[in-house]
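Here are the chains, one letter per residue:
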Amino acid sequence: MGGQSNDKKGDTFFESSTVALGTLYTLALLGIIVYILIWG
Amino acid sequence: MSEYNNHYHAADATRVFFRSVYTYMFGALAISGILAYVVGTNLDYFAKLFIAADGGISFTFWVVIFSPLLISIAIQWGVERFSMGTLTLLFIAYSALMGLSLSTIFIAFPMGDIIRTFFVSAGAFGGMAFLGYTTKVDLTKFGSLLYMLLIGMIIASIVNMFTKSGEFDFIISCIGVFVFTGLTAYQMQQLKAVSQQGLSGERMQKMSLIGGLQLYILFINLFLSLLRLLGGRD
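Chains A and B, in that order, give the protein sequences.
All residue numbers for the first sequence refer to this note's numbering, where the first residue is 13 and numbers rise by one.
All residue numbers for the second sequence refer to this note's numbering, where the first residue is 116 and numbers rise by one.
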């Protein structure tokens with residue numbers, strides 16, 4: 013997704029990866045829930 | 116008069132774009148929420164899907180857990196390459212698989228805590244979305260900082276899967292609430308900027324699908340972070 017005044021390539025990369033990064037964090041959280049709370 | 120008309124059309128385009136973004140976001144939330152509830156509250160379904168014959172974790176569990184990540188990468192990569200039909204199918208598959216993954220929270224937390232946390236998350240999300248949409252302050256630098264924090268949190272969460280530290284988990288969840296409320300405001304400002312580019316047709320649909328997914332995943336992560344802080348355990 014385009015930035016307003018964002019011209020740094022690194023920032024654009026992270027912005028465009030919001031869904032993938034967010035999903036990765038969700039899966040890490042669910043992994044903790046499953047390991048510690050259910051099977052732990 | 117023509118300046119008034121231009122302003123009117125820009126406002127109209129923004130409204131159409133955000134209506135589409137929210138349709139995708141709430142559509143994904145509905146698909147995930149229904150599947151998570153159906154599987155998470157029915158132990159037979161849950162056991163058949165996620166528990167192997169020997170009592171361990173089934174192969175299906177790993178497929179369900181990791182496939183949303185692959186699909187999210189495919190959607191981000193394919194937004195300029197795939198047709199709208201393909202992206203919509205991937206979007207539905209992603210929401211459904213996330214719903215199956217999220218069914219685990221119904222096993223781990225009491226229903227009352229899940230419902231209460233959902234409404235707290237919805238309030239916080241709505242407030243920050245409104246703030247991000249209306250503020251005149253440029254949140255770009257703030258957004259960059261939050262993305263760095265998010266990457267740190269992902270690494271810390273993976274490490275904590277092995278260390279299993281409750282205090283560390285509490286700190287990560289607190290930072291998570293800050294990061295995901297902040298990113299909601301930042302992302303809304305970014306989406307507002309995109310909506311003012313005068314997009315139309317398939318391009319507008321694709322951008323609103325990505326925008327809807329971004330808001331969806333931010334909401335889910337805010338909800339999970341709050342649930343870990345506010346939720347008791349069954």
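Simulated from the structure, these hints should not be mistaken for laboratory data.
Only a predicted model underlies this, so the values are computations on that prediction, with no experimental measurement involved.
Ideal Cβ positions, reconstructed from N, Cα and C, are used throughout, including at glycine.
The reader is advised that the hints may include incorrect statements.
[Claimed, not checked] Here are the in silico distance ranges between beta carbons for each label pair:
1) Ala168/B / Tyr47/A: 32 to 38 Å
2) Ala145/B / Tyr47/A: 25 to 31 Å
3) Tyr47/A / Val235/B: 23 to 29 Å
4) Tyr47/A / Asp127/B: 47 to 53 Å
5) Glu317/B / Tyr47/A: 27 to 33 Å
[What the hints assert, rightly or not] Here are some of the chain B residues that sit facing chain A, going by a computed Cβ distance under 10 Å:
6) Ile172
7) Phe174
8) Ile190
9) Gln191
10) Tyr209
11) Ile220
12) Ser272
13) Val292
14) Ile335
15) Asn336
16) Leu339
17) Arg343
18) Leu345
Comparing the hints with the structure gives:
1. Ala168/B / Tyr47/A: 32 to 38 Å: Violated, at about 20 Å.
2. Ala145/B / Tyr47/A: 25 to 31 Å: For Ala145/B and Tyr47/A the Cβ distance comes to about 29 Å; the hint holds.
3. Tyr47/A / Val235/B: 23 to 29 Å: 25 Å, holds
4. Tyr47/A / Asp127/B: 47 to 53 Å: At roughly 49 Å between Cβ atoms, Asp127/B and Tyr47/A fall inside 47 to 53 Å, so the hint holds.
5. Glu317/B / Tyr47/A: 27 to 33 Å: Given about 42 Å between the Cβ atoms, the range is violated.
6. Ile172: Holds - the Cβ of Ile172/B comes within 10 Å of chain A, reaching about 7 Å at its closest.
7. Phe174: 15 Å, violated
8. Ile190: 7 Å, holds
9. Gln191: Interface hint status for Gln191/B: holds (6 Å vs cutoff 10 Å).
10. Tyr209: The hint holds - Tyr209/B has a Cβ within 10 Å of chain A, the shortest such distance being about 8 Å.
11. Ile220: The hint holds - Ile220/B has a Cβ within 10 Å of chain A, the shortest such distance being about 7 Å.
12. Ser272: This hint holds: Ser272/B lies near chain A, its Cβ roughly 4 Å from the closest one there, short of 10 Å.
13. Val292: 12 Å, violated
14. Ile335: Interface hint status for Ile335/B: holds (6 Å vs cutoff 10 Å).
15. Asn336: 6 Å, holds
16. Leu339: 5 Å, holds
17. Arg343: It holds, given that the least Cβ distance between Arg343/B and chain A is near 7 Å, below 10 Å.
18. Leu345: Violated, because the Cβ-Cβ distance from Leu345/B to chain A comes to roughly 14 Å (cut-off 10 Å).
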